[in-house]
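Novice: Put together the whole structure using the sequences plus the hints.
Protein chains: 2
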Amino acid sequence: MKFENRLADRGRWRADRCSIASVLEALGTRTTFLVVRECFYGTTRFDDFVDRTGVSAPAVSRAMRMLESAGVVVRVPYQDEGSRVRDGYQLTSAGEDLLPVLLAMIQWGDTYLQEATPPLVFVERNSGRPVKVRVSADGLDDLGPADIEVRRPVPRDLGQQTTRS
Amino acid sequence: MKFENRLADRGRWRADRCSIASVLEALGTRTTFLVVRECFYGTTRFDDFVDRTGVSAPAVSRAMRMLESAGVVVRVPYQDEGSRVRDGYQLTSAGEDLLPVLLAMIQWGDTYLQEATPPLVFVERNSGRPVKVRVSADGLDDLGPADIEVRRPVPRDLGQQTTRS
DNA sequence: CCGTATCCTGATAGATACTG
DNA sequence: CAGTATCTATCAGGATACGG
Numbered sequence: 052m053k054f055e056n057r058l059a060d061r062g063r064w065r066a067d068r069c070s071i072a073s074v075l076e077a078l079g080t081r082t083t084f085l086v087v088r089e090c091f092y093g094t095t096r097f098d099d100f101v102d103r104t105g106v107s108a109p110a111v112s113r114a115m116r117m118l119e120s121a122g123v124v125v126r127v128p129y130q131d132e133g134s135r136v137r138d139g140y141q142l143t144s145a146g147e148d149l150l151p152v153l154l155a156m157i158q159w160g161d162t163y164l165q166e167a168t169p170p171l172v173f174v175e176r177n178s179g180r181p182v183k184v185r186v187s188a189d190g191l192d193d194l195g196p197a198d199i200e201v202r203r204p205v206p207r208d209l210g211q212q213t214t215r216s
Numbered sequence: 052m053k054f055e056n057r058l059a060d061r062g063r064w065r066a067d068r069c070s071i072a073s074v075l076e077a078l079g080t081r082t083t084f085l086v087v088r089e090c091f092y093g094t095t096r097f098d099d100f101v102d103r104t105g106v107s108a109p110a111v112s113r114a115m116r117m118l119e120s121a122g123v124v125v126r127v128p129y130q131d132e133g134s135r136v137r138d139g140y141q142l143t144s145a146g147e148d149l150l151p152v153l154l155a156m157i158q159w160g161d162t163y164l165q166e167a168t169p170p171l172v173f174v175e176r177n178s179g180r181p182v183k184v185r186v187s188a189d190g191l192d193d194l195g196p197a198d199i200e201v202r203r204p205v206p207r208d209l210g211q212q213t214t215r216s
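One line per chain: the protein sequences are R and L, in this order.
Take 52 as the starting number for the first sequence in my numbering and just add one per residue.
Take 52 as the starting number for the second sequence in my numbering and just add one per residue.
Worth flagging that the hints you see were computed from the coordinates, not collected in a lab.
Cβ atoms here follow ideal geometry from the backbone N, Cα and C, with glycine treated the same way.
Be careful, since some hints might not be right.
To be verified - When the alpha-carbon atoms are kept at most 20 Å apart in a straight line, the in silico SDA-like pairs for lysine to any residue are as follows: (1) R:LYS183 to L:TYR163; (2) L:LYS183 to R:ILE199; (3) L:LYS183 to R:SER144; (4) R:LYS183 to R:VAL172.
To be verified - If the Cβ cut is set under 8 Å, some of the chain R residues that face chain L in the computed set are: (5) SER73; (6) ARG81; (7) ARG88; (8) PHE91; (9) PRO109; (10) MET117; (11) GLU147; (12) LEU149; (13) VAL152; (14) TRP159; (15) ARG180; (16) LEU191; (17) ILE199; (18) ARG202.
Specialist: Here you go:
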């Protein structure tokens, strides 16, 4: 039902050593997530982000700067007929790797939060089969918390934590 | 490279219909995520949450109430020798289903944010094989954004959105 | 030890207004 | 249309203090 942990039982476990904290830090806040989501939906233009996220323009502007400096989004100039060059926004490959995060959130939200029909469906392009986020190890898939163990990555001497700050 | 979307191209896409927004709303904030993470690590007692997340007690308290009302965490009374009954905190099954979300975040953070060695390793208990979060459809695995299509789940009349709010 | 109420500060979002 | 600066309101988070 929970991770077998050598972890929770041993001393302090500081948030600053955890990726979750860093991710939340880097991606910042709710609006950043919404913006990234929109990127996945194919949105590239500033005002579209504003419209489709329902977030104010200044907030989008700020989010973009955060995402840019986090290496999640890049500005890609584009040019419409008779307009001057503008910036479009696109996910970097790092940004695209956020797909599991977003999808996992959507999946969870659709399951536990939405009352009515799920607002969107994600399917594999060719087969049309529903896409799912899975936790797996190599061949084995659909692991739950009970199947998973958390380890420290072989600290030099595991005995009494001498080298650890 | 991005979702084929009928979506981004069509009218307004409001944040309030999206699960991401709801999830962010329900789970609230950075500390809630850290608390949930700790739950996965097996932490159950209030002060342990405080210590191991590095978050202040009031913030943990608030987070717990949010998580409780979101159905992610339940209080489970426990009793130590010579102490009175206290509340422990445990993930519900809904809470446990957040595993992919957390793991995906950790994975991304370890890849793109952490400078040194990844702080923690997740392995399958028996085989010791590293656990990964994957996006897949049935047999097909490791899909990327390019393989995925977003659809509306057959709204009654797709033409002009009459029945929609 | 466990947990919450209160108060205060800093971050974040919206409204408005302004530039190209 | 595409952004950003400013200003203000709101909210999350820490310190402190207090009750079980």
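Novice: Each of the hints needs a verdict: does it hold here or not?
Specialist: So, going through the hints one by one against the coordinates:
no., hint, in the structure
1, R:LYS183 to L:TYR163, "violated (23 Å)"
2, L:LYS183 to R:ILE199, "holds (11 Å)"
3, L:LYS183 to R:SER144, "holds (18 Å)"
4, R:LYS183 to R:VAL172, "holds (10 Å)"
5, SER73, "holds (4 Å)"
6, ARG81, "holds (5 Å)"
7, ARG88, "holds (5 Å)"
8, PHE91, "holds (6 Å)"
9, PRO109, "violated (16 Å)"
10, MET117, "violated (13 Å)"
11, GLU147, "holds (5 Å)"
12, LEU149, "holds (6 Å)"
13, VAL152, "holds (4 Å)"
14, TRP159, "holds (6 Å)"
15, ARG180, "holds (4 Å)"
16, LEU191, "holds (6 Å)"
17, ILE199, "holds (6 Å)"
18, ARG202, "holds (5 Å)"
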